[in-house]
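Enquirer: Now for the letters of each chain:
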Amino acid sequence: MTGDEAADQKKLARGSLFKRHENLTVLAIFIGFVVIIVLLQLIMWGGHKFPTFITPVNLLNILQQVGVPGIVAVGMTIVMISGGIDLSVGMLASLVSIVTALGISKWHLGIGLSILAGVMSAVVLESLMGYIISRTKVEPFLVTLGGMITFQGIALLLCNSREVIMKGELDFFKLNLIQGAKDPVTGLNLIIPPYVLIFFVIALLAGLLLNYTKYGRRIYAVGTNPHAAYLAGINVKNMKLSVYIIMGFLVGIGGVMLLSRINTGIITLGQGLEIDSIAMVVIGGTALKGGKGNIVGTLIGVFFLGSIGNAMNMLRLPSEVQFVAKGLVVIIAVSAGDVSARVSGFISRRKELRWRAAQPVAKAG
Amino acid sequence: MSEILKLRNISKTFPGVLALQNISFDLSEGEVHCLCGENGAGKSTLIKILSGAYQPDEGGEIIFDGRKVVLNPHLAIRMGIQTIYQEHVVFENLNIVENIFTGSEIARRGLLQKREMRKQTVEVLKYLKSDLNPDMKMGELSSGEQKTVEIAKGLVFKRRVIILDEPTASFSSVEIDNLLDIIQTVKSSGLGIIYISHHLEEVFKVGDRVTVLRDGRKVSMYDLDGLTKTTLIKDMVGRDPSTFYQRESVPIGNVVFETRNVTGNGAQNISFILRRGEILGIAGMTGSGRSELMNVLFGSAPLDFGEILIHGKIVKHSSPKAAIKNKMCFITEDRQNTGLFLPQTIAQNVTVANLVNTREFVVREADDSRIGDRFVKLLKIKTNDSRSRVVNLSGGNQQKVVLAKWFNTNGDIFIFDEPTLGIDVGSKQEIYKVMVDLLKQGKAIIMVSSDMPEVISMSDRVIIMKSGEKVAELSADEVSEENILTYSIGDKAI
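Protein sequence lines, in the order shown, are assigned to chains A and B.
Just so you know, this note's numbering puts 331 at position 331 of the first sequence, and the rest follows in order with no gaps.
Quick note, this note's numbering runs 365 ahead of the 1-based positions in the second sequence.
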């Protein structure tokens with residue numbers, strides 16, 4: 001290896017997590033996140049014996065709260081990088097929970113088959129929307145808006161607008177993976193349910209898929225410039241279809257997880273999931289117009305929004321105030337992202353210009 | 366006839382380019398003054414100066430109705446100069462009346478006077494002998510009818526000068542005749558008309574005078590009465606030899622690509638062959654269907670009829686993917702919109718088209734960077750490394766990234782659509798050299814170009830297209846500016 005190559009390798013290794021300016025946006029948000037956490041910690045510490053926010057038990061608590069929205073946010077990241085969006089995920093998750101619950105308690109399909117039915121219903125419905133989106137020029141926003149309303153209707157028809165109660169058949173999803181572990185500070189039980197683990201596995205797989213595979217490259221290409229992608233030999237239509245199929249699969253898993261948490265299939269289960277997951281994704285620096293974003297950013301967005309919600313609960317803020325605060329957080333984070341994107345654009349342009357100025361003048365002609 | 370408009374000593378420089386040099390131009394009432402010249406002769410720049418979009422360089426004078434003026438787009442319209450561009454700038458969802466009056470509505474105390482606006486529209490349409498219903502939506506009209514509406518707008522607002530830039534592109538022959546009739550009517554009401562067209566037949570039918578531009582200079586001005594087409598064409602050609610590039614010759618091999626009666630996407634019945642080591646130039650005026658044909662060949666537009674053969678075998682290109690697998694490459698005309706992923710890095714841009722040919726599911730960034738860096742060196746792309754974003758590069762370097770993208774697919778048959786559009790002279794020469802290098806490696810090139818020196822100096826053979834059809838094929842010793850121009854703008858019979 002020559003010296004040049006060694007330097008190249010080093011540059012590459014250093015650039016892997018926060019690739020040059022690529023993730024400056026996300027980095028800025030991450031720093032903001034840390035600052036806010038420390039502030040919250042200080043606020044809540046005041047007068048008490050223990051810090052309440054940054055404790056193992058509370059951090060795990062946050063993970064439990066964000067597990068399902070996180071799974072959906074991972075899917076949303078992929079969809080949005082490809083230039084799409086999906087508003088139907090909330091109602092679709094409710095539909096999944098109702099189908100699964102019905103399968104178990106009314107149709108007696110058995111647990112495995114019921115879960116499969118739930119997940120498959122999401123995959124099929126998302127595929128249909130994906131088919132329409134990829135084969136027509138209708139905006140994904142409108143197709144999935146229609147999907148959201150339709151899925152709500154289907155779900156209500158299936159359960160006759162009633163809730164479907166189970167007898168804890170899915171409780172194995174609530175098992176504690178670290179049974180017996182205690183918080184060294186407060187002495188409370190520590191809990192990591194399987195779906196938190198599933199969330200991390202999915203995020204890891206999606207991150208690898210986007211960064212290190214041909215498929216991932218193509219998703220970015222389609223999101224950046226669909227026409228150029230088509231002329232570069234990429235099957236743009238099928239790429240668009242595929243992201244919705246992935247989304248369906250993840251919403252299916254998310255819906256089953258939601259169901260396992262409260263043992264009841266009900267239409268309100270997935271309410272607001274689309275809003276939360278889109279908020280998490282955009283906080284993480286993924287652009288609404290496609291082509292930009294990554295899973296690391298989304299993970300930060302997931303923890304960010306989850307922590308804020310959790311902290312506000314601990315501060316006993318009424319839910320009305322929480323909505324206002326969450327909304328403002330989204331707006332501030334996205335604006336911060338824009339500012340840092342400009343800064344990074346400016347830096348890279350200046351670097352390029354400086355480099356060009358340093359070159360010997362090329363003789364024209 | 367009194368003069369409305371006078372231009373004196375109009376020059377316009379852009380960084381590195383002298384687009385117009387000392388142009389003088391006059392327009393009288395009731396006159397149609399035509400502007401002729403090849404692509405890039407400076408016609409568009411002149412129009413933009415007249416419409417106020419560009420300011421001429423120091424020393425140029427625009428005299429309107431005997432007064433010296435400095436134009437801006439608003440002032441130009443207020444004084445009565447209306448420019449009708451090639452592409453329609455219309456509100457498709459509004460009707461004819463609304464289209465005419467949007468922005469200058471007739472209103473009394475904030476209330477629209479719809480009846481009054483409709484009345485004026487009807488009067489003008491009647492005057493133009495048009496049977497258009499003023500309530501029709503603009504989007505429902507043909508492009509000929511839309512032109513009529515734009516001209517009607519000029520009459521409604523009593524404009525003094527109407528500029529028509531390539532008005533008949535994409536017109537049927539009936540529509541052309543209609544438009545020329547309308548122009549005669551408008552002319553008789555005392556307006557001055559500036560008419561720009563590639564079609565000499567139209568120029569002779571409708572024009573009173575003609576000014577010929579070449580390389581930004583005014584070559585001549587004639588009364589069209591008694592003028593011959595040959596004189597006109599002679600004036601349009603005749604470039605400075607220094608604008609030509611001396612190309613190395615490369616031995617030509619067997620046929621690698623062939624089309625038989627290819628029809629689709631506006632191209633009609635195109636047959637040609639392409640040999641190894643050869644550049645086949647495709648000349649013609651803008652809108653002659655050249656890019657459209659290339660899209661058919663590359664599978665990005667449907668082939669209605671005919672056959673495409675690669676190495677003697679008939680191929681079906683249902684998508685660009687199939688074409689790439691058949692070792693074709695397509696350097697498109699509009700690199701920013703159809704060739705590049707601007708926010709992404711050079712390495713990512715270079716490797717994207719070859720994804721079709723790679724079997725591995727996993728891609729490694731280190732590999733991409735190595736490939737990217739190799740091309741940065743090979744094509745002398747001016748940047749510090751292949752992880753820079755393409756958006757920050759200059760036009761010439763962006764074009765090299767597009768080339769690298771296709772070189773990386775290891776293709777054999779290259780389509781270059783306007784290979785050096787908007788590129789500085791230095792990069793142009795480098796790209797020409799790269800093209801010759803391709804030939805030496807045994808590749809073959811189809812080159813669409815509107816740049817006359819480029820066509821002449823680079824091509825081994827030239828096909829000329831007009832209105833979607835192939836009108837001539839010239840061998841190397843027949844290729845000359847005059848011949849190309851004669852076929853691309855003149856009558857087929859010449």
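Hints listed in this document are in silico derivations from the structure and should not be mistaken for laboratory results.
Being a predicted model, the structure only gives us computed values, none of them experimental.
Check each hint, because a few of them may be wrong.
Stated by the list, open to error - In silico EDC-like links for lysine to aspartate or glutamate, alpha-carbon gap of 20 Å or less:
#1 B:K433 with B:D391
#2 B:K686 with B:D750
#3 B:K594 with B:E613
#4 B:K371 with B:E463
#5 B:K745 with B:D789
#6 B:K681 with B:D699
#7 A:K214 with B:D430
#8 B:K433 with B:E457
#9 B:K413 with B:D580
#10 B:K502 with B:E470
#11 A:K137 with B:E725
#12 A:K351 with B:D750
#13 B:K681 with B:D573
#14 A:K351 with B:E672
#15 A:K214 with B:D391
#16 A:K214 with B:E730
#17 A:K292 with B:D430
#18 B:K413 with B:E470
#19 B:K570 with B:D542
#20 B:K681 with B:E698
#21 B:K371 with B:E505
Enquirer: Taking the hints in turn, state whether each one holds.
Expert: Here is how each hint holds up against the structure:
no.: 1; hint: B:K433 with B:D391; in the structure: 14 Å, holds
no.: 2; hint: B:K686 with B:D750; in the structure: 29 Å, violated
no.: 3; hint: B:K594 with B:E613; in the structure: 35 Å, violated
no.: 4; hint: B:K371 with B:E463; in the structure: 33 Å, violated
no.: 5; hint: B:K745 with B:D789; in the structure: 15 Å, holds
no.: 6; hint: B:K681 with B:D699; in the structure: 25 Å, violated
no.: 7; hint: A:K214 with B:D430; in the structure: 65 Å, violated
no.: 8; hint: B:K433 with B:E457; in the structure: 37 Å, violated
no.: 9; hint: B:K413 with B:D580; in the structure: 16 Å, holds
no.: 10; hint: B:K502 with B:E470; in the structure: 17 Å, holds
no.: 11; hint: A:K137 with B:E725; in the structure: 32 Å, violated
no.: 12; hint: A:K351 with B:D750; in the structure: 11 Å, holds
no.: 13; hint: B:K681 with B:D573; in the structure: 50 Å, violated
no.: 14; hint: A:K351 with B:E672; in the structure: 50 Å, violated
no.: 15; hint: A:K214 with B:D391; in the structure: 61 Å, violated
no.: 16; hint: A:K214 with B:E730; in the structure: 11 Å, holds
no.: 17; hint: A:K292 with B:D430; in the structure: 55 Å, violated
no.: 18; hint: B:K413 with B:E470; in the structure: 26 Å, violated
no.: 19; hint: B:K570 with B:D542; in the structure: 10 Å, holds
no.: 20; hint: B:K681 with B:E698; in the structure: 23 Å, violated
no.: 21; hint: B:K371 with B:E505; in the structure: 38 Å, violated
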